[in-house]
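If you're matching them up, the sequences are chains A and B in order.
The end of the first sequence is residue 348 by the working numbering, with every number in the run present.
The end of the second sequence is residue 1481 by the working numbering, with every number in the run present.
The set of hints was computed from the structure by calculation and includes no laboratory data.
Remember, predicted model here, so these are calculated numbers, not experimental data.
Worth double-checking, as some hints may not be accurate.
[Said to hold, decoys possible] Sample of chain B residues at the chain A side, in silico, Cβ under 8 Å:
#, residue
1, 1403
2, 1407
3, 1453
4, 1479
Virtual Cβ for every residue (Gly too), placed ideally from N, Cα, C.
Next come the chains, spelled out residue by residue.
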Amino acid sequence: MTTANTPTAENAGKAAHAHHKAGEGRVNAVKALASRLHQHGVAPALVLGVIVGILALYDNSFLASDSIQSLLEQSAILGLLALGQGFVVMTGRIDLSNAVLASFTAVLVAKLLPSQGPLAIGLVLGLSLAIGLLQGLVHVFAQVPSFIVTLGTLGVWTGLSLTTSKASTILVMQHYGAVSWIYARPYGIPLSFVLVLVLTLLLMSGMRWLRWGRRMRAVGLNERAAAFSGIRTSRVVLSAFALSALLSGIAGVFQIAELQSASADSSDALLLPAIASVVVGGTAIAGGVGGVGRTLLGAIIITVASVGFDIVGIPSSYQPIFYGLFVIVVITVTVDRTRVTSVA
Amino acid sequence: MAPDLLSQEHEVGNAAGASEDRSRGGLWARVSRIERVPIPALAALALIVIVFGLANSTFLTLANMQALADQSAIPVVLAVGMTFVILMGSIDLSVEGVVAATSMVSALLVINDRTHHHLGLWAVLISVAVGAGIGAVAGLSVTRLRIPSFLVTIGTWQIGIGIAQVLFGGQPPVVRDRELLSWALKTWLGMPRLAFVALAVVLLGLWVQHMTRFGRYAYVIGGGEDIARLSGIKVARFRTLAFIVAGACSGLAGVMATSRSGQGAVANGNGYLFLTIAGVVIGGTLLTGGRGGVLHSVVGVLIMVSITNGMILVGISPYVQQSVQGAIVVLAVTATLWRLRERLRVVK
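Generate the whole structure from the sequences, applying the supplied hints.
Dropping the structure here:
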């Protein structure tokens, strides 16, 4: 309150006004700093640090390299789903089908791997890309809200994975080597997490340096304005849905690598944790604000939290309640109420 | 879309060419308000019944009618509650979770093999209250915390599943309360008692829809929230109430699911989300709100249950059902929202 508050005005009303303005200016400066830090993903990193610190105090073995390795390994699949969901949320939409799609693709990989070998992975990833494009096309072309399209396809893929697996667990015996390397730990480094990290860095640089990334952000911030400035918004939205489904497909492959088996609903429960990862990472549900790296941070936070449950001794049956409340609370805290116009 | 109820009636009356008939008396004007009766959905139901009746001789037997009534009872109750939420332009994805939680609550409160409670009818009321409570959490989060309903209700869905899992404790409570079991096992007039419970809920829903302020305001709010607010309607309060009503219906459905399966189970709610939403949408209630009604949803649910039942009779794998229901949701919504398409329209 030093520069702007020089009392040049004679009457008290004006002075009070200026005083008020100066206070506002300082608040704005703090806000600007906070938002700049926020844009670089400081908040989720802080949250992660606090949770890890608490758990390390609670249980000394938590920071042992062994438990950190398995923790990062556990966060890989959730990270993949969260990354995909993050892009869809970035455009202000949601993909309710991604976890179920991961289950479905895992079933397909398990079915195809013995006969096709490594080719099965390519086939399934291609199919999941096509599925994402299909979902995006229905949403963009028919102008049906994304949560309805993906809710419908959630049912479609659930039914198909039940039909394909005949509702039983499929064990992968032949050609398991084609995927098992993903969960190897050369020199103690969990390869699965490294792959996710590399993918994250690729997507981060895409968001930063490609025209596509800037368009994605523009569409999320103000779709109409983006359309008027010549961006083909529907293509951008399509790319988000395609990417989300492709990452679900990769998550399916990872799941086979981790469990060596697939059943119709093995990844279904990851829908809400993935959304939780996105929002705790700081991507706004209204779209436009957020990033890729912070979403991975969010996924690690969620994984650490669920491991923390075991350490503290809370039964896993409580976890859905936690995720449900957590998502509501985090969105409540982070939602930008000036931008979410409709809350129906 | 119609800004308020009066002009909506006027618009509909005009469409039916009834504007001049209004002077002749109220009767024709009332009959011509076709939106009150879901004509297209009823036609679709008739068509489905005829097709499956011809395809399989057992479809139209009394035994299968009983089976249909038994299978529709729970989704009909769910759809009545869901109707008010969707009429206001929101959505409730939490039905399976709430059914799981209240099914477990009711199983543990009547005579069962795990606890020593025997609250009888009070257990039903408590379960409905638990459902209404979860609905209230969702409703207040939507209206006060301003979080989109589809996100909130995914949250309450998981909260419900979590409550059920915690109460489950690794051992399903098997119900020994004859009164509650008889709901599903005994019949009145050749129909399972659960169907009469559903019928009572439908009649109550119709009464609420037509005779209460809540029911009529639901159309106004769904038709245009801004205008509703400007004309002095406490939108937030009524929207919260809609979620509470939906939660209460899910709570009752949970009790019915317990009665039907004879035990409390986390999986008791499985499959009802699609059946309910598909039923509401296919009955002609617009997802954007403002159009439709309880009767529409009931007919829609009957359509969905008939399709499911008929598919099984024809010999299609039950696993495909969810796929078919999911596809129907997308197709029905696409068809009903198709005319709203426009260049540069932003839909999220």
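Where does the structure disagree with the numbered hints, that is, which hint numbers, in rising order? 1
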